[in-house]
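Turn these sequences into a full structure, and let the hints guide you.
Listed below, chain by chain, are the residues.
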Amino acid sequence: MKHLLSVDDLSATQIHELLELTDHMVEVSSRPIPKVPALRGKNVVSLFFEDSTRTRTSFDTAAKRLSADTMNFAVASSSVNKGESLRDTIETISAMGVDAFVVRHKSSGAPQMITRWTNASIVNAGDGWHQHPTQALLDCYTIRTGLNRRDSFDGLRIAIVGDIKHSRVARSDVQAFTMLGAHVTLVGPPTLLPPSLDGWPVEVSHDLDALLPHLDVLYLLRVQRERMDDALLPSMHEYSSMYGLDQRRAAMLAPHALVMHPGPMNRGVEMVIDPADLPGSQILHQVANGVAVRMAVLFTLLGSGSDLKGDAS
Amino acid sequence: MSRVVITGGTVVDQSGSRAGDVAIEDGRIVEVGTGLSGDRVLDATGCIVSPGFVDLHVHLREPGKEEAETIETGSRAAALGGFTAVVAMPNTDPAQDSVAVVEFVRQQGRRAGLCEVLPSGCITIGRNGDALAPFGELAAAGVHLFTDDGNGVQDPQLMRHALEYAGPLGIVLAQHCEVAALTKGAVMHEGSCCSRLGLPGWPALAEELMLFRDIELVRLTGVPMHFLHLSTARSVELVRRAKADGLPVTAEATPHHFTLTDEMLDTYDAVYKVNPPLRTRADIDALKAGLADGTIDAIATDHAPHAPHTKEAPLDQAPPGMLGLETAFALANTELDLPIERVLAVLSWQPAAIAGVADRHGRPVQVGEPANLAVIDPSHEWTVEPTRLASKSRNTPYAGRVVRGKVRHTIFGGEPVVVDGNATR
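Residue numbers (my numbering), protein chains in the order written: chain A, 1 to 313; chain B, 1001 to 1425.
These are calculated hints, taken from the structure and not from any lab test.
Certain hints may be false.
Said to hold, decoys possible - Derived pair list, reagent style EDC-like, types lysine to aspartate or glutamate, alpha-carbon separation capped at 20 Å: (1) A:106 / B:1312; (2) B:1288 / B:1335; (3) B:1184 / A:230; (4) B:1311 / A:91; (5) A:106 / B:1269; (6) A:35 / A:23; (7) A:106 / B:1266; (8) A:106 / A:51; (9) B:1184 / A:226; (10) B:1311 / A:84; (11) B:1311 / A:88; (12) A:2 / A:69; (13) B:1311 / B:1067.
Said to hold, decoys possible - So these bits of chain B aren't anywhere near chain A, every CB distance computed over 10 Å: (14) 1031; (15) 1135; (16) 1167; (17) 1197; (18) 1247; (19) 1264; (20) 1285; (21) 1335.
Glycine included, each C-beta is placed from N, C-alpha and C at the ideal position.
In structure tokens:
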């Protein structure tokens, strides 16, 4: 595997292998000195054309735990308009010697374009509305451990609730969850669904309450205020009353059900209840697992020939 | 004065098909027959000798974006594509909304001397959709086709007034049908592909809604309209019904809309970004049916050069448009299941009539007619190579594609401007 651009790039077997490897990375992360020399001498560059402190920090931590060298380029997405093209940016930084770029961009497809201009591996850390494959992997890992489903998600019922249309997380999660055997239902107002769901192996519902008692996983997406400007939503309050997780809805969930959110959360909108009061909340586990999953991804892309033994002394 | 003869070809025009040599002197056809001789012989063995092609829709980028194309390089691409006249779209900088700019474009076309460059005029000043451009002055300066191409005229009241005002001037208003409120940020066809790729969609409805509005305005005013680059099956049906109702409407389709689908965007390569966007297989079938039954009057290229670096951007940042002049005949010849007479009709004499140049382009190949001719080899197979195109830009979506049919010679105003596939100037 040279790049990780999309969940499309992965088979179910490859997802399982990455999740197995994540188990090792969790173990590494639990050591007193959570660091191995696996990627010593490798240069991992974070190229964030869109701000995301949490994802960048997660990748950065992952790379450092594998002893890679790391560089951060926070490039404003407008730099293209200011004169330097995306191609020039990539070629310039590549010339410094880069083994992997971790790319976040507001434009769908930008990481795929970048593969044309560099020999480095590209890890998509989120592109537009398109894909966020490491989020899908960390979500799979969280469900796998949270529900003790090591072999498959067969029979699991997962609802993804909210702004599916504009969500790279939803696109990635739908592919990954269904590839592992889960049954996925998308829930939200029609204005926040993609214009066509042809070829999506999902069901659609607008009635969250009817689904709740049957769910193994309730996955809430962030809903942004600007959706009201485009007349996609009448008000955040109305969204919250129809699709937000409040005390009443939380009580309808099965006791074993997990509640997940990619962050950052809108408290009072999609998350009305304090997640600290939700026994099934996985939100902080997702964050912790994110580092281990990204270690597994970077190791898979760059770590050929090295192993995970020893420490980084 | 020298005498040029085209020998060994088959003449095909609106009056049919016959074997014959064509002799040209002083810019006119002086003899059509067999065994003709002259000072300069152009071999047309195996070729069709046709009236030259007329492209209703090209972007030559001059003035304003000469790094992408100039009137000279665009004219050369046109000549190599068999075109003897092209209508230059008005989205230049400054826009073609004044006699001064229109005269400049025409003059640059004359200087290049490779085909007749027909400047279009804007419908509204600066193509801003706010105030009418001076149709009367521009018509007096020889402008026949008016459009805000790149933008649709959004305001229905302004569009109604434009048609009413245009009526007595005998000009044609051409619409780029796009309801802008429905295409905010859109980069590709709205459907299953854009949903999967996470890209904002350009719904078919945005084209059809304005087309419907304008057909009804034509019904109201009786003033003729031309519809640019139809891209959807419903659009073809709307024009078909309007024609059945006897309304004075005409329409064009581009080669890319009848050869490529939105699935090309899977690559995220901005070379496939175009406005209106590439659509679906069903739309392609409808456009082909429209060309076959006469609903669509013309193939127009919407030749839209863009400097390479501008297309090396993410889809939402790259400009829309693709090259078309040098590949149009080959694609029509390869992809349309039409008799050659029909292909030539939609490339030559039908668009000549819409452009208002039927007195000198798309004429029958007969003694006394102006010598604007395309000599084409319909069986010549070739591979599209971006670096071998005459256009200043490289944004063809057909790189590497093998197509059938090539222009061997182009005669413009009696002068061979393309000989054996090479431009002579």
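Quick rundown of the hints versus the structure:
no. : hint            : in the structure
1   : A:106 / B:1312  : holds, 16 Å
2   : B:1288 / B:1335 : holds, 9 Å
3   : B:1184 / A:230  : holds, 10 Å
4   : B:1311 / A:91   : holds, 16 Å
5   : A:106 / B:1269  : holds, 16 Å
6   : A:35 / A:23     : holds, 15 Å
7   : A:106 / B:1266  : holds, 17 Å
8   : A:106 / A:51    : holds, 9 Å
9   : B:1184 / A:226  : holds, 14 Å
10  : B:1311 / A:84   : holds, 14 Å
11  : B:1311 / A:88   : holds, 13 Å
12  : A:2 / A:69      : holds, 19 Å
13  : B:1311 / B:1067 : holds, 13 Å
14  : 1031            : holds, 56 Å
15  : 1135            : holds, 36 Å
16  : 1167            : holds, 38 Å
17  : 1197            : violated, 6 Å
18  : 1247            : holds, 32 Å
19  : 1264            : holds, 13 Å
20  : 1285            : holds, 18 Å
21  : 1335            : holds, 26 Å
The earlier numbered hint that this structure contradicts is number 17, and it is the only one.
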